[in-house]
Amino acid sequence: MSNTVTNSEKKNILKKIFFSRNLGDLIFERLTLLFAVSVFLLVILMGYEMYHGSKISIEKFGWSFLTNSTWDPVQEIYGALPIIYGTVVSSLLALIIALPLSLGVAIFLAEVAPPWLEKPLSFLVELLAGIPSVIYGLWGIFVLVPWIRNDIEPYLSDKLGFLPFFRGAPYGFGMLAAVLILSIMVLPIISSISRDVLRSVPRLQREAALALGATKWQSTIIVLKDAKSGILGATMLGFGRAIGETMAVTMVIGNRALISPSLFDPSYTMASVIANEFTEATSEMYLSALIQLALVLFVITIIINALARLLVWSMERKWKTTL
Amino acid sequence: MKFRSIVSAIILILTVASVAHAQLQLNGAGATFPAVIYSKWFDEYKNATSVQFNYQAIGSGGGIKQVTEGTVDFGATDGPMSDQQLAEAKSKQGTDVLHIPTVMGAVVVCYNLPNVGKGLNLDGAILADIFLGKITKWNDATIKKINPKLNLPDKSIAVTHRSDGSGTSFIFTDYLFKVSKDWETKVGKGTSVNWPVGLGGKGNDGVAGLVKQTEGSIGYVELAYAVKNNILYANMKNKAGKFVEPTFQSVTVAAEGSSKDMPADLRVSITDASGKDSYPISGFTWLLVYKNMKDEAKANAMVKFLKWAMGKGQSFATDLYYAPLPKQVVKMCEKNIATITANGKKIK
Numbered sequence: 001m002s003n004t005v006t007n008s009e010k011k012n013i014l015k016k017i018f019f020s021r022n023l024g025d026l027i028f029e030r031l032t033l034l035f036a037v038s039v040f041l042l043v044i045l046m047g048y049e050m051y052h053g054s055k056i057s058i059e060k061f062g063w064s065f066l067t068n069s070t071w072d073p074v075q076e077i078y079g080a081l082p083i084i085y086g087t088v089v090s091s092l093l094a095l096i097i098a099l100p101l102s103l104g105v106a107i108f109l110a111e112v113a114p115p116w117l118e119k120p121l122s123f124l125v126e127l128l129a130g131i132p133s134v135i136y137g138l139w140g141i142f143v144l145v146p147w148i149r150n151d152i153e154p155y156l157s158d159k160l161g162f163l164p165f166f167r168g169a170p171y172g173f174g175m176l177a178a179v180l181i182l183s184i185m186v187l188p189i190i191s192s193i194s195r196d197v198l199r200s201v202p203r204l205q206r207e208a209a210l211a212l213g214a215t216k217w218q219s220t221i222i223v224l225k226d227a228k229s230g231i232l233g234a235t236m237l238g239f240g241r242a243i244g245e246t247m248a249v250t251m252v253i254g255n256r257a258l259i260s261p262s263l264f265d266p267s268y269t270m271a272s273v274i275a276n277e278f279t280e281a282t283s284e285m286y287l288s289a290l291i292q293l294a295l296v297l298f299v300i301t302i303i304i305n306a307l308a309r310l311l312v313w314s315m316e317r318k319w320k321t322t323l
Numbered sequence: 001m002k003f004r005s006i007v008s009a010i011i012l013i014l015t016v017a018s019v020a021h022a023q024l025q026l027n028g029a030g031a032t033f034p035a036v037i038y039s040k041w042f043d044e045y046k047n048a049t050s051v052q053f054n055y056q057a058i059g060s061g062g063g064i065k066q067v068t069e070g071t072v073d074f075g076a077t078d079g080p081m082s083d084q085q086l087a088e089a090k091s092k093q094g095t096d097v098l099h100i101p102t103v104m105g106a107v108v109v110c111y112n113l114p115n116v117g118k119g120l121n122l123d124g125a126i127l128a129d130i131f132l133g134k135i136t137k138w139n140d141a142t143i144k145k146i147n148p149k150l151n152l153p154d155k156s157i158a159v160t161h162r163s164d165g166s167g168t169s170f171i172f173t174d175y176l177f178k179v180s181k182d183w184e185t186k187v188g189k190g191t192s193v194n195w196p197v198g199l200g201g202k203g204n205d206g207v208a209g210l211v212k213q214t215e216g217s218i219g220y221v222e223l224a225y226a227v228k229n230n231i232l233y234a235n236m237k238n239k240a241g242k243f244v245e246p247t248f249q250s251v252t253v254a255a256e257g258s259s260k261d262m263p264a265d266l267r268v269s270i271t272d273a274s275g276k277d278s279y280p281i282s283g284f285t286w287l288l289v290y291k292n293m294k295d296e297a298k299a300n301a302m303v304k305f306l307k308w309a310m311g312k313g314q315s316f317a318t319d320l321y322y323a324p325l326p327k328q329v330v331k332m333c334e335k336n337i338a339t340i341t342a343n344g345k346k347i348k
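From first to last, the protein sequence lines stand for chains G and Z.
At position 276 of the first sequence (counting the first as 1) the number is 276 in the numbering used here, and the numbers step up by one without a gap.
At position 174 of the second sequence (counting the first as 1) the number is 174 in the numbering used here, and the numbers step up by one without a gap.
Everything labelled a hint here was simulated from the structure, so no lab data went into it.
Take the hints with a grain of salt, since some may be wrong.
[To be verified] Below, a list of computed lysine-lysine pairs in the DSS-like style, where the Cα atoms sit at most 27 Å apart:
| # | chain 1 | residue 1 | chain 2 | residue 2 |
| --- | --- | --- | --- | --- |
| 1 | Z | Lys144 | Z | Lys276 |
| 2 | G | Lys55 | Z | Lys92 |
| 3 | Z | Lys331 | Z | Lys260 |
| 4 | Z | Lys242 | Z | Lys228 |
| 5 | G | Lys60 | Z | Lys92 |
| 6 | Z | Lys260 | Z | Lys242 |
| 7 | Z | Lys260 | Z | Lys312 |
| 8 | G | Lys55 | Z | Lys90 |
| 9 | Z | Lys155 | G | Lys159 |
| 10 | Z | Lys186 | G | Lys60 |
This is chain Z alone, in the form it adopts within the complex (with noise of 0.2 Å):
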């Protein structure tokens, strides 16, 4: 009696967990920024397929670390894993690493200036000498050249930056990298760098708090952060020379301007991008996935997925307060992606 009743439990548990099972699920972990449209995207497209995709927002660092160990099935980032990590990454699970972006972020400075308002106008160079703390006065003549228009009073900037790490700040330090040897050589770039001067919010948030309650402050924030809360942003002097206010257009633009000169393997900073229009501050952000998988179905529901992403997927974007990828990208992506297998079989 009693051993059949065992018997008959474990049977029903192992078809209940069976049926649990029939639904194909990929776990993911990695990035923040990038989480609001990849859950969209995961939501849409399991009404549509009934595949399930679960994803951990615990940050860039956590999800490269996973897809090292191979204790997810994809990963993403907001910064390119570097040579050495993709190395190791390949020495562990013996297979490459892909590159995936699938969205792009600008980050805008934002700034607090109630006099002043709207349309002020910076250029690198300036924005690496306020946040290395060589310029510390809003009517500096540095400023007041390219703003002829604006009164800037005689007040001191108050800096501010992320102080928890972030792709925001990744982006950020890398524009600034670019356009200052000073800022290349004091402070480099990274998630996390040693600011020189300036207080640390945690989060846009964080970011956005100390910028409205400071009045002469400066910060930076993601664009959808800016846009959703009516913060006050400045317009950016690009590589050609022209004011741009960061726009999704712009940002776009930005990416596609880059697009000629892209490596295969997208790991590539879009940041003081040539084009008229582009926007300067701005990045893509990556899904991580493996070259080649070991479990077949996964596999496909990966490739189909990441499919879906480039085509259906990016029309999410915008309402979102995402950048979608310019068409030039897409192609690139959809070449790599053609490149996934399973076992060493091609995916149809």
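Chain G extracted, bound-state conformation (with noise of 0.2 Å):
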């Protein structure tokens, strides 16, 4: 039958399909179909994986893995709630810390900075967000505890001891420290996308609300409103860079699973455990248990993506109705 199509014929048909653009469009549009789907079913596959390797797990824990508070891989009883607390509140605490500062760069280097100053302290923000965690760890190690040792943990214990936050012995090394280098982490991401965000809101905005005689704080209000899903695009990530954080954290944060109010004391993260444990790990339940800490992991970052999703929908339609 093939022999029927002649050679002219046939480079016509590859001419056809070559040339012609709807073709083309249809090979495009596939294609990127294909890569955007991809994604889809990698995070399919990731949790899917995760789950198949933390069955054992599972099955023997059950909730109890969320609300036992006892790691102990020699008897072989494994509950996460001290870590995912310990996960939680050090990127929160980081985000409180961080998000002001950040925005506050942000604005200064989109709306106030002059050029001259704003080229050089961009590069040196983007330059901080390059910096790898472990030399964040490093840096924890000799500069920053020392001095929450020193002198940030006796003072806030003699100034602000009657509160529950601040008791302890200081040792420097604990929740505080890891906050503090969380929140340095996390700056940089919120900073850089936060002032590419307040940059692409049009320049007739700022125009609109500085003709009405709106001073520059007002209209910078005004811009930031405008922004204001992009920013918490920009928080989101910070958060997800917090949360995933290993090294940095496992190299301040004390590394014992315990919920205690106290910032002096030391805590442990779900990423830092799989890191420490995971090499040496050498029982199936043992595996597992870090396999479904992992999966804890994954959930909770889902569930804090979907919920800002949610958040910036939910802004969107009042912004618009206000409108």
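With the hints in hand, could you dock these two chains into one complex?
Shown next as structure tokens:
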């Protein structure tokens, strides 16, 4: 059958395939669709693999994995509550410190700074984002922790010791050190993305506000309102970095699965536990519990991202109705 | 034309590949603690015989896993495989896994008491109570009693330990397990345990960093690490009641002391060893090899290498801060090495 197709006909078909715009568009469309779907599939596959790997641990512990606070590899009892607590609290506190700072940086860079200052400053902020986390960890051990131990913690326990947050022996290593180092690490991410978001707000918005007699401050507020969802996205990215950060945190947090209100006490995070214990985990149940920990981290990340999305949507809707 | 060029390209690739393959290569993975001496050994051995060993220091757990799955030619571990793990490996690989001790390491108890300096004495019961959080002050009566000459401060003890799973922790907790009933029931032994008190540091350098920075702290690191970094460490009271300073010699002596009642498979802990001069917190690190290997060339190379490691290899140990095996143990290893077969045939 194929013999009936002559050479010239073949060439024509080929020409059609390669030079017809429609087909090119089609291939392009399908290809990009494939890429987009593959991300989706990857997430599902990761979730499934983790679920599969942690099956025996899930079967044995069930929900008590999330509520039990003993993590004992010898007795093979695994409860992740203090580790989940440490992860979420350290990341949230880091965000609380980093968000206003990075917003300040972003507003200054996008709205206020003269160009000769803005360029080098932006460069430095981006440089901060590129430093490997182990360097932050080393800096934490040798600079931040001694400083916390000798100055910050004695001061805090002296002035605010009546609060449960600032009690205990000042070792330097602990939740406070982890929170501070995380806030420094997420600051460049939030600020550089927020700066880009602020810049992408049309100039007309500012000019209109100024023309109506608004002050610089008032026009900035309007720009910030426009950039709200973008800034929230930047914050979520920062949160993602904080919650998954392993090396720098494990070097300063004290690595003890403990729920304590005091910021001076050691704590532990999920990513650190996995990194620390995975290599030497020999029993099946132990490995399974560590993978389940990864699954919990995965789910928490998804929940937080979903919440952020919802928040952005609801804000956008409000914004539209008030317009 | 095209066909010919493709064929010639394939031939070229095959010849290159076969040239590369001519050099025998054995792959292994496992413990990080002996990685330094293993890479020295493999390097020296390659220069001498052109047999190449690839070793990946992925941790003992990983080593045991890969040996069980049969993805490597040999493994390495700091803690011996359990009976259950051995049975699993046998059912999957159809052959026994042998434990061959290669060198020894010791764990030293380091502390930071600037006004006390060198020469702190400790014993097992006190150490266990400190790490259980029962003894909390340096001038506790029990510590004072065995350190009559030292002026111990009224300072609280800051306990530090390893946060990552490690053979060092295994040896340390194995010792406390043997000397303290309380430790046995409350904590147990393992590469990671549920520490009752203290701060965790990642790796030897992490613990050493915690101890160096925190006055009044106590922790444990590998002997090699402590020697290299000039960290203060305590003399431990051994089973014979003598306070012994950790040195390569006192570690080797400890293995000598317990070699009499070692089981034939050499899966044995030598913590709290008998013998007048033996240091009590030490342990072997093992290579895991298959008793019957399917590839004859590899089996030959493995056996030759193991014999070399027991002989000339041991002379590299002290320079790299490991304790060499005592003669009795080397003999027992050689006996086990001789049982390795290739497809059921003995290896000459």
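So, going through the hints one by one against the coordinates:
With a C-alpha separation of about 24 Å, the suggested pairing of Z:Lys144 with Z:Lys276 holds against the 27 Å cut-off. A hinted pair counts as satisfied when its Cα atoms are at most 27 Å apart, and G:Lys55 with Z:Lys92 qualifies at roughly 21 Å. In summary, the hint linking Z:Lys331 to Z:Lys260 is supported, as the alpha carbons are separated by about 12 Å, within the 27 Å threshold. Only pairs whose Cα atoms come within 27 Å are accepted, and Z:Lys242 paired with Z:Lys228 is accepted, the gap being roughly 25 Å.
Restraint check for G:Lys60 and Z:Lys92: satisfied, since their Cα atoms lie roughly 25 Å apart, inside the 27 Å limit. A threshold of 27 Å between alpha carbons decides the hint, and for Z:Lys260 with Z:Lys242 the separation of about 21 Å falls inside it, so the pair holds. Straight-line distance between C-alpha atoms of Z:Lys260 and Z:Lys312 comes to about 24 Å, which keeps the hinted pair within the 27 Å bound. Of the pairs offered as hints, the one joining G:Lys55 and Z:Lys90 holds, with about 24 Å between alpha carbons and a cut-off of 27 Å not exceeded.
Between the alpha carbons of Z:Lys155 and G:Lys159 the distance comes to roughly 23 Å, so the proposed pair stays at or under 27 Å and holds. Proposed proximity of Z:Lys186 and G:Lys60 is supported: the alpha carbons are some 22 Å apart, at most 27 Å.
In this structure, none of the earlier numbered hints is contradicted; all agree with it.
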